[in-house]
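Take a look at the letters that make up each chain.
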Amino acid sequence: MFKYILVIDIKSKIVRCVFKMRAIWKYVGKRVLYVIPTLIGLSILIFILSRVLPGDPALMAAGPNAPKWVVEQIRHQLRLDKPLWQQYYYWLVDLFHGDLGYSIYTKRSVTVDVVEYLPASLQLIFLAALFEIGGALALGIISGRYAYKLPDNMVRVLAYIGISVPSFVWGLLFQLIFAAIIPLFPSHGMYSYGTIPPPRVTGFSLIDSLIAGQFDTFVDILWHMVLPAFALSLGAMAQDARIIRAGMVDTMQKDHVSLVRAYGIPERTIFSKYILKPSLVPAVTVMGMDIASLLGNAFMVEMIFQWPGFSRYGINVMLNKDINGIVAVVLVVGIIFAIANIIVDVVVAYLDPRIGRRSA
Amino acid sequence: MNKKLLAAISVIVVIIIVIGVLAAVQSTQKPQSEEKRLLRIGFSWPTYIDPAVGSDYSSSTAFTNLYDPLIFPGEKGVPKPWVAESWETSSDGLTWTLHIKQGIKFHSGDELKAEDVVFSFQRLLAIGKGYAYLFTPYIDSVTAVDDYTVKVTLKKPYGPFVATMMRVYVLDKDVVMQHIKKPGPYGDNGDYGTDWLLTHDAGSGPYKVKEVVLEDHVYMTRFKDYWGPMTENAADEIHMLALAQPATEKTLLTQKQLEISSQWLPEETIDALKKENYLKVSIFPGGDEFYLMMHTKKPPLDDVHVRKAIAYAVDYETIVDQIFPGNPVAKGPVPSYIPGAATDLPTYYRDLDKAMEELQKSKYWPDIQNNPNKYAIDFHWISEVPAEEKVAIMVAQNLQEIGLKVNVVKVPWLSVVEEMANITTSPHIVSVFVSAHYAEAGSLLESRYHSKSANTWEQNEWLLNETIDQMIEDALSTIDTNERYQKYAEIQRAIMELCPSVFLFEHMLKVVHQDYVKLPGDEGYYTGVMGYDFDGRLIEVLSTT
Chain E
1 MFKYILVIDI
11 KSKIVRCVFK
21 MRAIWKYVGK
31 RVLYVIPTLI
41 GLSILIFILS
51 RVLPGDPALM
61 AAGPNAPKWV
71 VEQIRHQLRL
81 DKPLWQQYYY
91 WLVDLFHGDL
101 GYSIYTKRSV
111 TVDVVEYLPA
121 SLQLIFLAAL
131 FEIGGALALG
141 IISGRYAYKL
151 PDNMVRVLAY
161 IGISVPSFVW
171 GLLFQLIFAA
181 IIPLFPSHGM
191 YSYGTIPPPR
201 VTGFSLIDSL
211 IAGQFDTFVD
221 ILWHMVLPAF
231 ALSLGAMAQD
241 ARIIRAGMVD
251 TMQKDHVSLV
261 RAYGIPERTI
271 FSKYILKPSL
281 VPAVTVMGMD
291 IASLLGNAFM
301 VEMIFQWPGF
311 SRYGINVMLN
321 KDINGIVAVV
331 LVVGIIFAIA
341 NIIVDVVVAY
351 LDPRIGRRSA
Chain G
1 MNKKLLAAIS
11 VIVVIIIVIG
21 VLAAVQSTQK
31 PQSEEKRLLR
41 IGFSWPTYID
51 PAVGSDYSSS
61 TAFTNLYDPL
71 IFPGEKGVPK
81 PWVAESWETS
91 SDGLTWTLHI
101 KQGIKFHSGD
111 ELKAEDVVFS
121 FQRLLAIGKG
131 YAYLFTPYID
141 SVTAVDDYTV
151 KVTLKKPYGP
161 FVATMMRVYV
171 LDKDVVMQHI
181 KKPGPYGDNG
191 DYGTDWLLTH
201 DAGSGPYKVK
211 EVVLEDHVYM
221 TRFKDYWGPM
231 TENAADEIHM
241 LALAQPATEK
251 TLLTQKQLEI
261 SSQWLPEETI
271 DALKKENYLK
281 VSIFPGGDEF
291 YLMMHTKKPP
301 LDDVHVRKAI
311 AYAVDYETIV
321 DQIFPGNPVA
331 KGPVPSYIPG
341 AATDLPTYYR
351 DLDKAMEELQ
361 KSKYWPDIQN
371 NPNKYAIDFH
381 WISEVPAEEK
391 VAIMVAQNLQ
401 EIGLKVNVVK
411 VPWLSVVEEM
421 ANITTSPHIV
431 SVFVSAHYAE
441 AGSLLESRYH
451 SKSANTWEQN
461 EWLLNETIDQ
471 MIEDALSTID
481 TNERYQKYAE
491 IQRAIMELCP
501 SVFLFEHMLK
511 VVHQDYVKLP
521 GDEGYYTGVM
531 GYDFDGRLIE
541 VLSTT
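Chains as they are written, first to last, in this note's numbering: chain E, 1 to 360; chain G, 1 to 545.
Hint data in this document are derived by calculation from the structure and do not stem from the laboratory.
The beta-carbon is built from N, C-alpha and C at its ideal position, and this holds for glycine as well.
One or more hints might be untrue.
Stated by the list, open to error - Computed spacing ranges between beta-carbons, pair by pair:
| no. | chain 1 | residue 1 | chain 2 | residue 2 | range |
| --- | --- | --- | --- | --- | --- |
| 1 | G | Tyr186 | E | Val52 | 27 to 35 Å |
| 2 | E | Trp69 | G | Thr221 | 34 to 42 Å |
| 3 | E | Leu173 | G | Ile283 | 29 to 37 Å |
| 4 | G | Lys274 | E | Phe96 | 39 to 47 Å |
| 5 | G | Val18 | E | Lys254 | 37 to 45 Å |
| 6 | E | Val52 | G | Tyr349 | 43 to 51 Å |
| 7 | G | Glu523 | E | Leu49 | 49 to 57 Å |
| 8 | E | Leu49 | G | Asn371 | 37 to 45 Å |
| 9 | E | Gly194 | G | Glu115 | 37 to 45 Å |
| 10 | G | Ala376 | E | Leu92 | 42 to 50 Å |
Claimed, not checked - Computed cross-link-like contacts, BS3-like style, restricted to lysine-lysine with a CA-CA straight-line distance of at most 30 Å:
| no. | chain 1 | residue 1 | chain 2 | residue 2 |
| --- | --- | --- | --- | --- |
| 11 | G | Lys297 | G | Lys390 |
| 12 | G | Lys101 | G | Lys224 |
| 13 | G | Lys452 | E | Lys107 |
| 14 | E | Lys68 | G | Lys182 |
| 15 | G | Lys181 | E | Lys68 |
| 16 | G | Lys274 | E | Lys68 |
| 17 | G | Lys105 | E | Lys107 |
| 18 | E | Lys82 | G | Lys452 |
Claimed, not checked - Computed far set for chain E versus chain G, every beta-carbon distance over 10 Å:
| no. | residue |
| --- | --- |
| 19 | Tyr27 |
| 20 | Leu33 |
| 21 | Leu42 |
| 22 | Ile44 |
| 23 | Leu59 |
| 24 | Gln77 |
| 25 | Pro83 |
| 26 | Asp113 |
| 27 | Tyr193 |
| 28 | Pro199 |
| 29 | Ala246 |
| 30 | Lys254 |
| 31 | Gly264 |
| 32 | Met303 |
| 33 | Asn341 |
| 34 | Leu351 |
Build out the structure end to end from the sequences listed, making use of the hints.
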C-alpha cells in the first residue's frame, strides 16, 4: 500500500515539475516576443542618432588629407551615399547574415570586434556579479538580522561609502593600494608578461585556458580580474545590501511571521523561507538591472585596468564616430539588458509564485 | 554575538585571507620566461601598422621599427640615405632615379629589391590613405629599371621629394600578395593585404610583429638578421601599449612595468613622477606647433589690424610658463628647428600699446570698442585637451584688456573638424597643434596656408590668398634646396605680415622614462619628424626584465 502511495506521490511530483517547466518556457517565450519590438525600436533610434551626430565618418576614416575619391570610396562602403531608410534596410539584411558592418575604427568587421571583445567583458561582469550577489546577500542579511544594532550601523556606513563613490574611483584606489603600494594584484591587462594566452575556442579566456589545460593561465587571468571586478561590483553591492535589509526589516513585521513563530516553526526555517525569500524579490529585480548595466558602465574601469573588453571598445568607437560600431555596441547592450530582464522575471516568479501566476 | 553570525563572519574572513595569500603567492611567481631587454612605451590609440593606412603618431612609430623607409631622417631631420642609398634627378626635376641598397633582408628572408619599392609606392597610391596625400598630386609613375634601380616620374617638379621619402616604407611584395583577399576594392589586387597587415608586417625593419591586439597593444620582437646599425643594448622586444589613463601610466612607471610614458601625461603627473630618483623626464622637439588660428574672412578678424592687435595682446610668456612649461615661444609659422624655417622674422610679442595702436587703425574702430558684444570673438578649444581651456581663458583676459570680448567655447574634436570644413561654421579662433608631415618648412606652409587645405582641420584661417598659393607652389617645385629654403623664408615673412595666426609655441614632447633607458633625446639628439622619436635602433635598455 505504502509502495503504491510512494509511486503515485513521485509521479505527481514529476507531473507538477513538467507543468512548471512548461509554464516557465511559456513565460520566457512571451517575454522574448515582447522584447523583439523593443530591440527593433532601439536599433532604429540608435541608427538614426549615429548618422546625425556631428562629424563626417568617411572623412574621419580617410584622414584629413586624403583625396576626395578615397573619402567617396569609404562613403560608398559605409552606404552613406544612400537615403537613410535604405541604409537601415541594408543594415538589417546584413544583420540577419551576421554582418554588423565595417568598423572605420578597427578597420575590420564589427562582428569580429564583438566576438573578440564581448567575451572578455562578460567574464569580468560575471565575476563582478558573483561579488555583487555574494556581498549584497552577506551584508544585507547581517544588516537585516541585526537591524538597528551595531552590525547594521557598520554595514550602513559601508553601504553609503560604496554607493556614493563611483566605480572608476574604486578602480583607481584599488590600483593604487593593491597594485602599487601593496603589490598583491596586477595593475593592468589580462595576462602577465610571459603568460601564453590559451588557444581561442569559446572566446572566454578563462574557459579556454581550462579547455587547454593551462591552469596557471587560468589562475593568472583570474588574478588579473579580481581588482576590476571588485571595483565594478562595489556600488551595486552596497545598494542591493540596503534593499535586502529594508525588505527583511519590513517582512519581519508582517503578521505571517508572527503566526509561523507561534506555530513553533524553527527560527532558521522562518528566517530563510518566510523572511529572506520574500525580501529578495525587490533586490533581485535591482540586481539584475545592475548587472546588465555593468556592460555599459564598465568602460572607465576597463580603461583604468587596460582590460581588453567591450565597454572600452564601445567608448572608442563613439569617440571616433564609428557608426557601425556605435550601433552594434548599443544593440548588444540592449540585448543583454533584455536577457537580464527575462532572467530577473523568471527568478522573481520563482521567489514569488503569485507574481508568476499573475504574469501568466 | 550569535554563534551563526560569528561563523558567517569567520567564513568571510577566511575567504579574504585565502584570496590574499593566493594573490601574494601569485604575485611572487612570475611566468617562466627568459630575461629580455624589454622596452614598453605608452601611446594613445588607435595604431595602424599598415604603412598605407596609418599616419598618426603611434602608427608612424610602428612603421619606424617594423619597416625601413627609402630615406631616413638624421639629426634635426636632415635626410640621409637608407634603402635608397643614392639618388639623382633630371634637370627638369621630373624624373628621379633611386639606387637601392643591396643585401637588405625582409623578415621573410627575401631580399629587398626594386620591385618591392615599386610595389610599395603603387600600393600606397592605390589605397590613398595614410601618407599617400604627400605623393598623389605629384607622382605619375614608378617603375623598376633593374633589380636595384627605381625610376620615379613626377607630374610636376617637387622639391621636397627627398624629404617626403621618409614616409615611403618598403613592403615585401611577395608576402603581401600571398595574403590578399578577393574580391576587394582594388581589382586584381583584392584588398591589397589591408586585412592581413592590420595584425602582421611585411617589413625589413629592426623589429617584426610578435602580437597585435587591435584595441590594446603591438608587441614587436627583434629581427636578428637586420642589416642596419643598432645601438648596443637595443631592446629585444618593444611593446607599444594603448594607455589612456594618466593614473594607470603613473602606476606602471612606479612599478617599473613601463619604460617610457606617453607624451600626453599632464604636467601635475610629470611633476610628481620627477621626484622619483629612478625616473627621468626627456624633452625633445615634436615637429609641431601650437597655433591660434584666426578666421581671416570673419569680422572683425577679416581686418589685419584686429589680428595684429590680438597678436600683440596675447601674453605668450605666461602661457608657456604656467600652462605649457618647457615649450619655447614660437618665432614664426614654422618651428625653428625644422629645415627651411626662417629664424630672423619680426615676431609678435605682448605689447598692449602696440595692440591698441593696431586696433585703432582697423576699420571697426571705434565701434569695436563701444560695442564689444557686436564684435564678440568665439574662441573654440578642443575638449580632449583640457589645458587648452586655460589658454582660451588667458587669451580672453588678454583681449579684454584692449576692449575685445571673447566667448570661450568647449568643443569636442569631431565637432571642431566638422565646423572647420565650412567657411560659415568655422569659428573666429581655434587652438590646434599642427605637425609637419615631413622634415621641411614647406610641409607646414602648404598644410597651413595653401587654399587647398582651407576646409581641413589644419587651416581655420581660410586665407584663400592667391599670392601665397603661388609662392608656396613655386617653392615646392624648386629643386635646389637652398633656393627652396629662401623661398620658404619669403613666404614666412609674408605670412607674418598677414598675421593670420597667433604663433604661440613650438611643441616639445615630454616623456617620463626609467633611468635604465637611454633616449637619444637625453643627449640632445632629435629628428623632429613624427614617429622617429622612439626608434629602437637608437634606444638603449640597460636592464633586463
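Structure versus earlier hints - violations, ascending order: Violated hints (numbers, rising): 4, 16, 23, 24, 26, 27, 32; every other hint is consistent with the structure.
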